[in-house]
Amino acid sequence: MKAPLLTIEDARVRVTGVPDKIAVDGVDVAIGAGEVVGLVGESGCGKSVTAMSTLGLLPPSLTPTGTLRLGDRSYDLGDPQGLAELRGRDLAMVFQDPGTSLNPVMPVGRQIGDVLRVVEERGSRGSRARAAVELLDRVGVPAPDRVSKAYPFELSGGMRQRVLIAMALACRPRLLIADEPTTALDATVQAQIVALLKDLATTEEMAILFISHDLALVGEFCERLYVMYAGRVVEHGPVAAVLHEPHHPYTAALVECLSTMSAGAPRLRTVPGAVPALGDLPAGCRFAPRCEHATRVCHEQDPQLRPAGDATSACLRLEEITLLKSETDAEEAS
Amino acid sequence: MTRKQADEDDTRALFASGLTKVFKQRDGSGHVHALRGVDLEVAAGATVGLVGESGSGKTTFGRIAAGLTHPTGGRIELPGDPGGRGRWGRRRPSDVQMIFQDPRSSLDPRLPVAESIAEPLLARGLSAARNDVMSLIERVGLPGAIADQRPHELSGGQCQRVAIARAVAVRPKLIIADEPVSALDLSIQAQVLNLLKDLQEEFGTAVLLISHDLGVVRFFCADLYVLYLGQVVERGATEAVLRDPRHPYTEALASAAPSFSFGQETTRIVLAGDPPRPENPPTGCAFHTRCHRRIGQVCDDQAPLEWPTQTGSSRCHLLADSPAPQLESRLRLP
Amino acid sequence: MTAPDPVTASEAVAAATGNPPAPRRAVLGGVTSRIAWSVLALLVLLALCAPLIAPYPPGKQDLMDTFAPPSGEHWLGTDNLGRDQLSRLLYGLRASLAIALMTTAAVALFGIPLGAVAGYARGFLNTAIARFIDMGLALPSLVLALALIAALGAGTKSTVIALAAGYTPYLARVVRSVVMRIREEPYVDSARVSGVHPIRILARHVVPNTLAVTSVQLTLIFAFAIISEAGLSFVGLGVQSPNASLGSMLASGAEFSLDLPLLAVAPGLTIAVLVIALLFAGDSIRDAVDPRRTR
Numbered sequence: 001m002k003a004p005l006l007t008i009e010d011a012r013v014r015v016t017g018v019p020d021k022i023a024v025d026g027v028d029v030a031i032g033a034g035e036v037v038g039l040v041g042e043s044g045c046g047k048s049v050t051a052m053s054t055l056g057l058l059p060p061s062l063t064p065t066g067t068l069r070l071g072d073r074s075y076d077l078g079d080p081q082g083l084a085e086l087r088g089r090d091l092a093m094v095f096q097d098p099g100t101s102l103n104p105v106m107p108v109g110r111q112i113g114d115v116l117r118v119v120e121e122r123g124s125r126g127s128r129a130r131a132a133v134e135l136l137d138r139v140g141v142p143a144p145d146r147v148s149k150a151y152p153f154e155l156s157g158g159m160r161q162r163v164l165i166a167m168a169l170a171c172r173p174r175l176l177i178a179d180e181p182t183t184a185l186d187a188t189v190q191a192q193i194v195a196l197l198k199d200l201a202t203t204e205e206m207a208i209l210f211i212s213h214d215l216a217l218v219g220e221f222c223e224r225l226y227v228m229y230a231g232r233v234v235e236h237g238p239v240a241a242v243l244h245e246p247h248h249p250y251t252a253a254l255v256e257c258l259s260t261m262s263a264g265a266p267r268l269r270t271v272p273g274a275v276p277a278l279g280d281l282p283a284g285c286r287f288a289p290r291c292e293h294a295t296r297v298c299h300e301q302d303p304q305l306r307p308a309g310d311a312t313s314a315c316l317r318l319e320e321i322t323l324l325k326s327e328t329d330a331e332e333a334s
Numbered sequence: 001m002t003r004k005q006a007d008e009d010d011t012r013a014l015f016a017s018g019l020t021k022v023f024k025q026r027d028g029s030g031h032v033h034a035l036r037g038v039d040l041e042v043a044a045g046a047t048v049g050l051v052g053e054s055g056s057g058k059t060t061f062g063r064i065a066a067g068l069t070h071p072t073g074g075r076i077e078l079p080g081d082p083g084g085r086g087r088w089g090r091r092r093p094s095d096v097q098m099i100f101q102d103p104r105s106s107l108d109p110r111l112p113v114a115e116s117i118a119e120p121l122l123a124r125g126l127s128a129a130r131n132d133v134m135s136l137i138e139r140v141g142l143p144g145a146i147a148d149q150r151p152h153e154l155s156g157g158q159c160q161r162v163a164i165a166r167a168v169a170v171r172p173k174l175i176i177a178d179e180p181v182s183a184l185d186l187s188i189q190a191q192v193l194n195l196l197k198d199l200q201e202e203f204g205t206a207v208l209l210i211s212h213d214l215g216v217v218r219f220f221c222a223d224l225y226v227l228y229l230g231q232v233v234e235r236g237a238t239e240a241v242l243r244d245p246r247h248p249y250t251e252a253l254a255s256a257a258p259s260f261s262f263g264q265e266t267t268r269i270v271l272a273g274d275p276p277r278p279e280n281p282p283t284g285c286a287f288h289t290r291c292h293r294r295i296g297q298v299c300d301d302q303a304p305l306e307w308p309t310q311t312g313s314s315r316c317h318l319l320a321d322s323p324a325p326q327l328e329s330r331l332r333l334p
Numbered sequence: 001m002t003a004p005d006p007v008t009a010s011e012a013v014a015a016a017t018g019n020p021p022a023p024r025r026a027v028l029g030g031v032t033s034r035i036a037w038s039v040l041a042l043l044v045l046l047a048l049c050a051p052l053i054a055p056y057p058p059g060k061q062d063l064m065d066t067f068a069p070p071s072g073e074h075w076l077g078t079d080n081l082g083r084d085q086l087s088r089l090l091y092g093l094r095a096s097l098a099i100a101l102m103t104t105a106a107v108a109l110f111g112i113p114l115g116a117v118a119g120y121a122r123g124f125l126n127t128a129i130a131r132f133i134d135m136g137l138a139l140p141s142l143v144l145a146l147a148l149i150a151a152l153g154a155g156t157k158s159t160v161i162a163l164a165a166g167y168t169p170y171l172a173r174v175v176r177s178v179v180m181r182i183r184e185e186p187y188v189d190s191a192r193v194s195g196v197h198p199i200r201i202l203a204r205h206v207v208p209n210t211l212a213v214t215s216v217q218l219t220l221i222f223a224f225a226i227i228s229e230a231g232l233s234f235v236g237l238g239v240q241s242p243n244a245s246l247g248s249m250l251a252s253g254a255e256f257s258l259d260l261p262l263l264a265v266a267p268g269l270t271i272a273v274l275v276i277a278l279l280f281a282g283d284s285i286r287d288a289v290d291p292r293r294t295r
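These protein sequence lines map, in sequence, to chains A, B and C. Residues in the first sequence are numbered consecutively from 1, following the working numbering. Residues in the second sequence are numbered consecutively from 1, following the working numbering. Residues in the third sequence are numbered consecutively from 1, following the working numbering.
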């Protein structure tokens, strides 16, 4: 793995004033320069909260702790002022809903210009307008000078998302955090945006932290992957390793869910039960109540992340269980 | 009603022919052609999928089928409305139910879920005794204790199960499911889809499943209609259509969908441009502005005819020349 | 005018963590609410018990003892006709509250169905009722009140009619706009698909879900009714002598304020306290009718 550009160390987020409600419970993430890393999990796993904590954007009802290291600088996640330095400069973020992320009464070119004004203190309005058009062009917007004068409501969802990406690029960030950037978009438009992001990662030498609940999308797009469950990372590693040979029952279950859906099997593989509520976490391994491989020790001990093949997994029974039936087994079964 | 018509009523859950729907724009500036001549049939007890992106008109079609809006033209026959005019004043088709995309907002937030489930029974004059409601709740895999809870106390997956219980309570001949699992996490999607499939098989209900997710329709639907800008561009048996698409749009859609092509080698087809707006449909073939297989002027000027395919039909000029042409497929499917 | 929910801490957490929001606090939560409700309860109690606790009949004159300052016999003194102010205040409070209550009830009775039907209907019916409501709003309410009272003669009944006529269009308009939003909700669509009759849909699904907004509006209307009645009585059009109302007492008190300022201050202060308490209590009602509160 390349030397990390950015690491998040021991990120923890709890509900302010309620010590036993923990949204993120000790997450470590490392991202290399120009690397595309995925962060997946279902609702309530804490992936968005983790991302927001790196930018200091959490509401006062959540208290983060932990360290963020960028190059040779380090920042305390609990200090939003310190993180504000990074926000809009080294780190940029693109959110899920392009519809509500843009000011509806301002032309998009001016909005990009506003970002530029913060980033480059000097410069005239004219030079910013030109830079905005260039940015729009770089994100593949057709007729960028016309679009620059348009209002958000005149643009489609895909175009708006491109505008947001352009605004993020304006900062020349070293890391772009994309939180479910394509969830609100159509499939064909999603394909375009993903292709754009992939392209930008190479041409701009920009790392991307891609947050999604869509395992398949992350599987196609990212080089490495972190899987989160109930506030913790349960598995991480190179995408091919994690998805083709998962070493954690949760990952395996999700992968199987997906395969049964695309294989047109007569019945879908499911994970029984539901994600535990914040204050209601079970003792021992958090996934144990829903895990088909759980034994007594799983309900008692807290698993730590350990190497597992090319990946790393937090499962107590790592060595003992085999996950994911082989291809032939799956075909025979369906 | 002739004998033939009576027979047809029994074997068809839905029959739409040349269905059109035009919305007038609020400011009087023009018209939105949401549906431009749709022919669609759902046999009794069949599972049919309707896929498309935003602007395709699939939601509008679903609403017309459920009796929530009237078509502007064409014919739609539903159980309980053999007249086919799609207009029924006070009478409503008594045998159609609907499941909505957002599980929480499809239930009245003030009512305990048992009352929401009982409502269609009461409206039809059927027994809605506590026992009946409880057995429905059990049938959808929920604990009896939730009967007196309100939607905000349940998870998204639980709310959708309640919505399903409500839909099947009256044993309808047809259920319109509009994106029933899009708002849910993957593992919960699988649970809900399995449930829906079980119930469909048990009660022999016809289901029209509207979705943008090809994996979902592949699992659930035997037949598939692909909608683009208010017209059916391809239809046929789901497996055949997705494995071997006979329309460039279907091909692109299948290629763009990550869950569908998960685990397989694909070359992603990335369409140029945004989905066109229904306010301003392109001339000729509606897809010509983005088609990666556009053959020439004919695509821009002439609307393509419907050509037969192995299990259905497709509207594409490419099929015009030979009796059973082969669209060179770039997908390698299992 | 819909009431957007405040972003409470629990909702922020819910958004961040995807868990359903925690139940809100009960209606009597918050110190201000508690004080407000206590004050209201006290005033209502006093008004109800007026016949029992008033030391003197409110109309009893004692021309030997006019403008008496507060004393053991007359806690709030006497007015220009020697009538005991405390008794008149109690009866006046009773009259004002009764008028405001009847007005609010009438406004709710007519305004909610009118607004609901207008909002739920589409096309011509919706627009027609909306314009009708607008006509009502276009007339200055005080002028309308004056005209109605001139036609019907002054007194309690006509005051109620005049005030109700003035405020009904306002409530109907608010209800209409909330209903127009609610009718697009999927649960309304679901009821329609199930074949539920539109009137039943309105009664069972739509109107109850407007309660959050309507209840706040109704407390505002109650407060406005108190003030408007005081205004009408002040100009002599509302409650007539010898009956007392807060407004008429304020009027005569103002006239004689040089002789005994308390004559104006007492009713004026009562009006102020009553209205302020109503406004604070109104806020907490909205939280109370929120279905997300666990019962």
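Just so you know, not all the hints are guaranteed correct.
[As the list claims (entries may be wrong)] Below, computed lysine to aspartate or glutamate pairings styled on EDC-like, alpha-carbon distance capped at 20 angstroms:
1. A:LYS149 / B:GLU239
2. B:LYS24 / A:GLU154
3. A:LYS21 / B:ASP274
4. B:LYS24 / C:ASP62
5. A:LYS149 / A:GLU134
[Stated by the list, open to error] Under 8 angstroms between C-beta atoms, here's a sample of chain B residues computed to sit facing chain C:
6. ALA66
7. GLY67
8. LEU68
9. THR72
10. ASP95
11. MET98
12. PHE100
13. PRO120
14. VAL270
15. ASP274
16. ASN280
No lab work stands behind these hints, which were simulated from the structure alone. Backbone N, C-alpha and C fix where the C-beta goes; we use that ideal spot for every residue, glycine too.
These are the hints, each one checked on the structure:
1. Our distance criterion of 20 angstroms between C-alpha atoms is broken by A:LYS149 and B:GLU239, whose separation comes to about 46 angstroms.
2. For the proposed pair B:LYS24 and A:GLU154, the alpha carbon gap of about 19 angstroms is at most 20 angstroms, so the pair holds.
3. Between A:LYS21 and B:ASP274, the direct Cα distance comes to roughly 43 angstroms. Violation of the 20 angstroms bound is thereby established for this hinted pair.
4. With a CA separation close to 75 angstroms, the supplied pair B:LYS24 and C:ASP62 exceeds the 20 angstroms bound.
5. Taking the CA atoms of A:LYS149 and A:GLU134, the gap is about 13 angstroms. The hint holds against a cut of 20 angstroms.
6. The restraint placing B:ALA66 at the interface with chain C holds, with a minimum CB-CB distance near 5 angstroms, inside the 8 angstroms limit.
7. Given hint, B:GLY67 at the interface with chain C, holds; its Cβ is 6 angstroms from that chain's nearest Cβ, closer than 8 angstroms.
8. The interface hint given for B:LEU68 is met, as the beta carbon of that residue sits about 6 angstroms from the closest beta carbon of chain C, less than 8 angstroms.
9. Annotation: B:THR72 was flagged as interfacial toward chain C, and the flag is violated, the nearest CB pair being 15 angstroms apart, outside 8 angstroms.
10. Checking B:ASP95 against chain C: minimum C-beta separation of about 10 angstroms lies over 8 angstroms; hint violated.
11. Because the beta carbon of B:MET98 sits about 5 angstroms from the nearest beta carbon in chain C, less than 8 angstroms, this interface hint is met.
12. Interface restraint check for B:PHE100: the shortest CB-CB distance to chain C comes to about 4 angstroms, inside 8 angstroms, so the restraint holds.
13. About 4 angstroms separates the beta-carbon of B:PRO120 from the nearest beta-carbon of chain C, less than 8 angstroms, and the hint is met.
14. Taking 8 angstroms as the C-beta cut-off, the interface hint given for B:VAL270 is violated, the closest approach to chain C being about 32 angstroms.
15. For B:ASP274, the suggested interface contact is broken, since its CB lies about 26 angstroms from the closest CB of chain C, more than 8 angstroms.
16. Interface restraint check: B:ASN280 against chain C, minimum CB-CB distance 25 angstroms, threshold 8 angstroms, status violated.
Of the numbered hints listed earlier, those contradicted by the structure are 1, 3, 4, 9, 10, 14, 15 and 16.
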